[in-house]
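Construct the entire structure; sequences and hints are all you get.
Same order as they appear, the protein sequences are chains A and B. The numbers in UniProt numbering rise by one with no breaks, and the one at position 638 of the first sequence is 638. The numbers in UniProt numbering rise by one with no breaks, and the one at position 96 of the second sequence is 96.
Among these hints, one or two may not hold up.
Said to hold, decoys possible - Covered by chain A, according to a simulated footprint, are these stretches of chain B (three or more residues, beta-carbon under 8 Å):
#1 228-236
#2 308-315
As the list claims (entries may be wrong) - Now the stretches of chain B that chain A is said to cover, found in silico as 3 or more residues with beta-carbon under 8 Å:
#3 121-134
#4 138-148
To be verified - Pair ranges (Cβ atoms, derived):
#5 B:Glu42 <-> A:Thr556: 56 to 66 Å
#6 B:Glu42 <-> A:Asp137: 23 to 33 Å
#7 B:Asp21 <-> A:Arg216: 53 to 63 Å
#8 B:Glu131 <-> A:Arg213: 49 to 59 Å
#9 A:Gln139 <-> B:Glu13: 52 to 62 Å
#10 A:Gly427 <-> B:Asp199: 53 to 63 Å
#11 A:Asp137 <-> B:Ala20: 39 to 49 Å
#12 B:Arg278 <-> A:Gly37: 55 to 65 Å
For the record, the hints were derived by calculation from the structure and aren't laboratory data. Even glycine gets a Cβ: it sits at the ideal position worked out from N, Cα and C.
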Amino acid sequence: MTTLEPRMLEPEAPAAADAAPTGHDRMRVDAPAKVTGTAPYAYEQPVEEPLHLFPIVATIALGRIAEIDDADARALPGVRLVLTHANAPRIRVRTDAALTILQSSEVHHRGEIIGAVVADSPRVAREAAALVRVTYDEQPAELGFSIDDPRATVPRRVNAFKHGSYERGDADAGLTRGTLVEADYSLPMEFHSPIEPHAVTAIWHDVSALRPRSTRLTMYDTNQGTGGHGALLAPVLGLLPTQIEVISPYVGGSFGTKGWPWPHLVLVAMAAKRLTGRPVKYAMTRQQMFRTVGHRPASKQRIRLSVEADGRLGAIDHQSWAPTSRLRSYVDQTVSATRMMYDVADLRTIHHAVVQDAAPGSFMRAPGEFSGMFALETALDEAAHAVGVDPVDLRVRNEPAQDPETGKPWSTRNLVACLREGADQFGWAERQPVGARRDGEWLVGLGVASATYPNMYFVPNRAGVRFTGGRYVVELQASDIGTGAWTVLPQIAAEALGVGVDLVDADIGHTGLPWAIPAGGSVGTFAWGDAVVAAARKFRRTHGEHPDEGDHVTATGRMPRGSRGYSRHAFGAHFAQARVSTVTGEVRVDRMLGAFAAGRIINPRTARSQLIGGMTMGLSAALHEEAHLDERFGHVVNGDLAGYHVAAHADVGDLEAITLEEHDPWFGATGAKGIGELGIVGAPAAIGNAIFNASGVRLRDLPFTPDRLFDAWGQPTASGTRATSP
Amino acid sequence: MKPFAYERPTTVEEAVALAADGGTYLAGGTNLVDHLRLGIREADRLVDLTRLPLDEITERADGGLVIGSGVRNSDLAAHPLVRTRFPFVTQALVAGASGQLRNMATTGGNLLQRTRCVYFQDPTTPCNKREPGSGCSAVEGFGRYNAILGASEDCVATHPSDLCVPLAALDTEVVVVGPSGERRIAFGDLHRLPGDRPDLDTTLDPGELVLAVEVPPLDFAVRSRYRKVRERASYAFALVSVAAALDVHDGTVRDVRLALGGVSHRPHRARIAEEALRGRPATPDQFRSAIEAELGAASPGEHNAFKVPLVRNTVVDVLTGLTEGSAA
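Below is the structure:
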């Protein structure tokens, strides 16, 4: 293993003008517009005389609409349209059941969109929607699932095209060697909850039955990829992709919820079509953000593993059970990371899915890796404790020489360096035996967990470079969802063009630009970067060092030739110090340190934001986030930010992210890997493992709330208070 | 939200008259405005109280305080006499909400804020408090925040206020005025247990307006503490909370005030525990048996059983801390 120089990711002074364009801090170019409130988000795009929409949603989990009485709503002054399945435009191309709304009286889940009111003001639309009376023929819904659920099936493929089931060697035989560690883990349903809720404005132009191909639809939306949204919505709306213009320059966070078009987009487009000539606007309420825009599905997992006295793993059997919507299937690739993470010859990994009459789930920051690595990295801590091996050492001892799933060599894998360097910087050597460190009423402990995230770059991207006004513009359908694409893409282009970064602008966030994949799977910087580098090089080849006004090229970036011969992943290690109150069961996290080997860092400033943002979201999942789906009703009952807690400032202690020097040519021309999701993977396990080191209590169910500590300390009897805490 | 008329009276008489004529009082709006938006509540006419002369804190001759109902939470928390004489009042206030909300929220509104039970907040689920007779979804539902004391089969909601917990401990009186004149209500009589009328949070008559909260002097409240337990370190309602003032002399409890939040439909004054402590040794064991006596009546469900040992531990911790901090 090469020696790697760690780099502290702390904000530094902006680089000198003559510094290399990449590898140095660059302040966000969109920051002034954002902090002054002048960056136009989707709802703020100026349009002429808009109308306002508010949806009508189902209040049963399964059944049929018997009757819709909208007389009172129609009578309200200012109401322009009540849209229901009775009068909605027909959808002829049914590519996605979740988008095929208002086509029948069927109700598939509580909260499903069954209509809308459009009015002159948002207030009237909302009031009128509340006046629409819907009666139903209700049917009993299937909700709830368990480990070993008899209804469960094993999907052939789960999210990201991963196999539903995968085995190697003989797991059952392997489990008989060494000490057996066996436990069940669970994660609740989680919601993306970006600060900017979904919002959209739809405007139809030239709607004419005589000339259907001259029709155009403009949608100001907030999403992770304008081209993808346009391509997926077009057939549902009876259009060609070229007939939809999608504009989304600024996105107030997403975490996956804006990566796929959701039914409200179809609803607003339908309503605007009925009211041709007037823009129709809709801003989702926070409560509606918990209904039809996806979520991380709950997960229950069982791990059985065997470990030798020296910390070597014998075998792992890791299985997951998760709900999936009858309306549209989605299953996280929960146990897939277990297949490649450690040197285990005997392995069984299976995803089980249980169909539910609930809203569809979707990808949320590090789908699969997040859930599975919580269980796996907790189980490894249990294994380390069972055989008395340091948890860092145990992970190092199970380091595989090549990918045990595919047999391919690693493109780069510096997990061990992350563990060692992170341990060093964090002060891991100060870790005490379980329960040994006390600070007043608080028990204090340290925990570690590994992080990993795969290369999800599957399709080529295109980018353009244009010379205008003495400056270069890099053009592609990239989306900046808070990650820093506006800032980083010019850095990559400047380096490839051999000019200062201040001479390069970006044009991203709308259709009509060269095709690029949506901002998802942490691929943006290196996959888009490939296309940007290709375009910059082509520009120089074509137009030389002294281009003329208007010179322009477009080029395609492809995965490096031969990259499929390598197993390509990013790695990291989380370290956490947690304290547990022996009085209240409250858990607080004093400090966290993440050490990451994620390829070349293009912009340390925005990279740090991504990594500590992921760590914060992991902390939030560890301590707070829990959507309660009430199986009697079929919806989340704590669906707002008062009921669904995310970490507040006071919850976040000393957070530090360091990156190790790494350059991975097999990810792309930039040498960078993805960092948007790596920072969240494993973070909850590190905190849970720190809680165990502090208190001796092993928590296997997220989040780690005080009731769970008291449960572990001993339930009170019905009549009294037998429970004791240490 | 339905359209409503909006009135801004400048005198109490005017406000009461407007309320008698179908008006709904609006103070800081941090609770009611949400409810109007969510469809939990409707109003034809809002009577904005913020122009009434009710925003003063005055000292009584006996050392007690008169807190106008319009005094903002942030002003009350920062007041020198509150901070020095009743520190647990300041502690409770700053443990609640956020700086922005505390700048809006008023003393009177805080007394009358409604439960945060998730089923009450969701107009699509049955709730006896919101819609009498529709049933209680919380008894067998998401129950971590449910009451453990004084609940009924019709309602297991808890009162969400932080401020009310020390006020309950202080023998406060609430001065109200309504169409039939002014009256004083002992703080312990203001909030109700749910019984079979969970729609009624308080004993106020329709149209009655809170004018002031009167806090009698309590010398030993200079040593008082509010401890709030929650899984999020800020900006969250309490799982449970404890307000206590303790007077210890020669190792013996001379007097004690103890109230609990997050356990009941009303701020819970722990009178059984107080009685069990007066004249007894100020020791953790004594504190523990006293609060266990108080919790003897607890009837937790599956999801809130942890509140019983949690309250016990927190009370023992707070009282022990006050004992150690006392000079005597």
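Hint check results:
Only when three residues or more bring their CB closer than 8 Å to a CB of chain A does the claim for the stretch 228-236 of chain B stand; here the count is 8, and the claim holds. For the stretch 308-315 of chain B, the stated coverage by chain A is satisfied: 6 residues place a CB nearer than 8 Å to a CB of that chain, which reaches the threshold of 3. With 4 residues carrying a beta carbon less than 8 Å from a beta carbon of chain A, the stretch 121-134 of chain B meets the three-residue requirement, and the given coverage holds. Coverage of the stretch 138-148 of chain B by chain A holds [criterion: at least 3 residues with CB-CB distance below 8 Å; count 4].
As the Cβ distance of Glu42 of chain B to Thr556 of chain A is approximately 59 Å, the hint placing it in 56 to 66 Å holds. As the Cβ distance of Glu42 of chain B to Asp137 of chain A is approximately 29 Å, the hint placing it in 23 to 33 Å holds. Between Asp21 of chain B and Arg216 of chain A the Cβ separation comes to about 54 Å, which falls inside the hinted range of 53 to 63 Å. Distance hint check for Glu131 of chain B and Arg213 of chain A: the Cβ-Cβ separation is about 53 Å, which falls inside the suggested range of 49 to 59 Å.
Taking the beta carbon of each, Gln139 of chain A and Glu13 of chain B are about 57 Å apart, inside 52 to 62 Å as hinted. Distance hint check: the CB atoms of Gly427 of chain A and Asp199 of chain B are about 56 Å apart, consistent with the given range 53 to 63 Å. Between Asp137 of chain A and Ala20 of chain B the CB atoms are about 46 Å apart, so this pair conforms to the stated range of 39 to 49 Å. Distance hint check: the CB atoms of Arg278 of chain B and Gly37 of chain A are about 58 Å apart, consistent with the given range 55 to 65 Å.
Checked against the numbered hints listed earlier, the structure breaks none of them; every hint is satisfied.
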